[in-house]
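So the chains spell out like this:
Number of protein chains: 2
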Amino acid sequence: MAKSLPPMSATATTPPRNPPLLGVLGGMGPLAAADFLAKLAEETPASRDQEHIPYVAWGVPQIPDRPAAILGHGESPLPQMLRGIAALKQAGAQAIAIACNTAHYWHDDLLREGGLPILHIADAVCDLLAERGINAGNIGLIATEGTLQAGFFQQRFAARGLGCIVSSSEDRQRLVLPAIAAVKANNLPLAHTLAVQAVMRLHGSGACAVVLACTETPLAIDHAASAATPLCIDATRALARACIAWHRRASKTGSAA
Amino acid sequence: MAKSLPPMSATATTPPRNPPLLGVLGGMGPLAAADFLAKLAEETPASRDQEHIPYVAWGVPQIPDRPAAILGHGESPLPQMLRGIAALKQAGAQAIAIACNTAHYWHDDLLREGGLPILHIADAVCDLLAERGINAGNIGLIATEGTLQAGFFQQRFAARGLGCIVSSSEDRQRLVLPAIAAVKANNLPLAHTLAVQAVMRLHGSGACAVVLACTETPLAIDHAASAATPLCIDATRALARACIAWHRRASKTGSAA
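From first to last, the protein sequence lines stand for chains L and D.
So for the first sequence, our numbering puts the first residue at 1065; every next one is plus one.
So for the second sequence, our numbering puts the first residue at 1065; every next one is plus one.
Because identical chains cannot be distinguished in the list, a pair is counted as satisfied if it fits within a single copy or across any two copies.
Straight-line distance between alpha carbons at most 35 Å, and here's what the computed DSBU-like set of lysine-lysine pairs gives:
1) Lys-1316 <-> Lys-1248
2) Lys-1153 <-> Lys-1248
3) Lys-1153 <-> Lys-1316
These are calculated hints, taken from the structure and not from any lab test.
Next up, chain L with everything else stripped away, as it sits in the complex (with noise of 0.2 Å):
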């Protein structure tokens, strides 16, 4: 994907001595920050290390769950990601980028009180569809059940004038959320198998494309070929290409915003 990208200009391939510096708000699932920093160095189209996007990282998982705290049972996590963006603003961040769809949720009040640009993951994928040439049709959304009650893609895609489909519930609860629980026990070929099948559902009930909206399901779906591959928009990898670009911006103009 990274070949589909205009190459960096001149200004980032002789970069300033503080090119602009993206803060990732990761801890929110295990492999999730790691996975978005893999892929933000996977389509930075750069030719030397010196240009890669330059980023500092807050990877601190003891905070609340954000599915739970969604759904009206659990605490909220927005206090300790408010300490995180505060801790990335501290070193230098100028923007940030949250390595988790689910949290998104908080976006607005992140973005109100943290006092940072916050790129959002559902634009992101948004321009990613419109990239692939895909301004019509339904969308399919795969997520956990707080990124689909949250709301935030489904509104994102009516606002382009695309339809949504989710999985039903019989669906969410034997393939996609099995997924992801074995993603998190490291289960790759159970949540491989499970995921494609969520996927390939998806588009037998007419969806065009499928987002995979959690940052566990593009593991399980890339963990081999299938079918379900040239279906899926991983959101993680296009919120690295957001990062990519807001970079690009921000070093031209000097600005963050």
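With the hints as your guide, set chain D onto chain L.
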């Protein structure tokens, strides 16, 4: 490998409000810190997200080339590394792991000037060799020219009564360095073929184990199963395990030392 570690202590299972924070100095190799963080998660014997090791990572690749500086024809990366350690310390890090083998050339300077404990990747490798029952014989070493010249692996092996075998100059030029370059260029199949040959050549010269002491080489070896796999010690993974052991000790004692 996580299975061979004892379960987390009761202290860690019920984490305190502010468990010890690990600082990760990255940005040296575009994928090195992401790979280290993934291995840190994989090796942690956690049954839920909140039991993973909290970290803050500094990944600023705008830093002078390490091997060039060691070989005497490049600017020193020490000031930029100290800047990273200062940012990590400011963010609350209580100990540092450096996700780059070659950068350990500056370990003593960073320890003296950075003001934080720094786990040493070669000590971590020696501990893992001992854990595997390797207390005698010759250890193969696959590394950059800078790491080989720096000598800290060879010295630590010798201190534990182990010999060291490095690839011939010819094998380094035709196998090791091209394997590293192929990982950086995202050509893992080529990198794998070259790295496996380099490992098997060291084994043929009498190495009972081969340490992959450049963060790119484990990515090359792990691309597929091969005869090299059981011979290899991944220095990145060894460092991750040392960090988990540090975190367990620091959680118990309340001290970061």
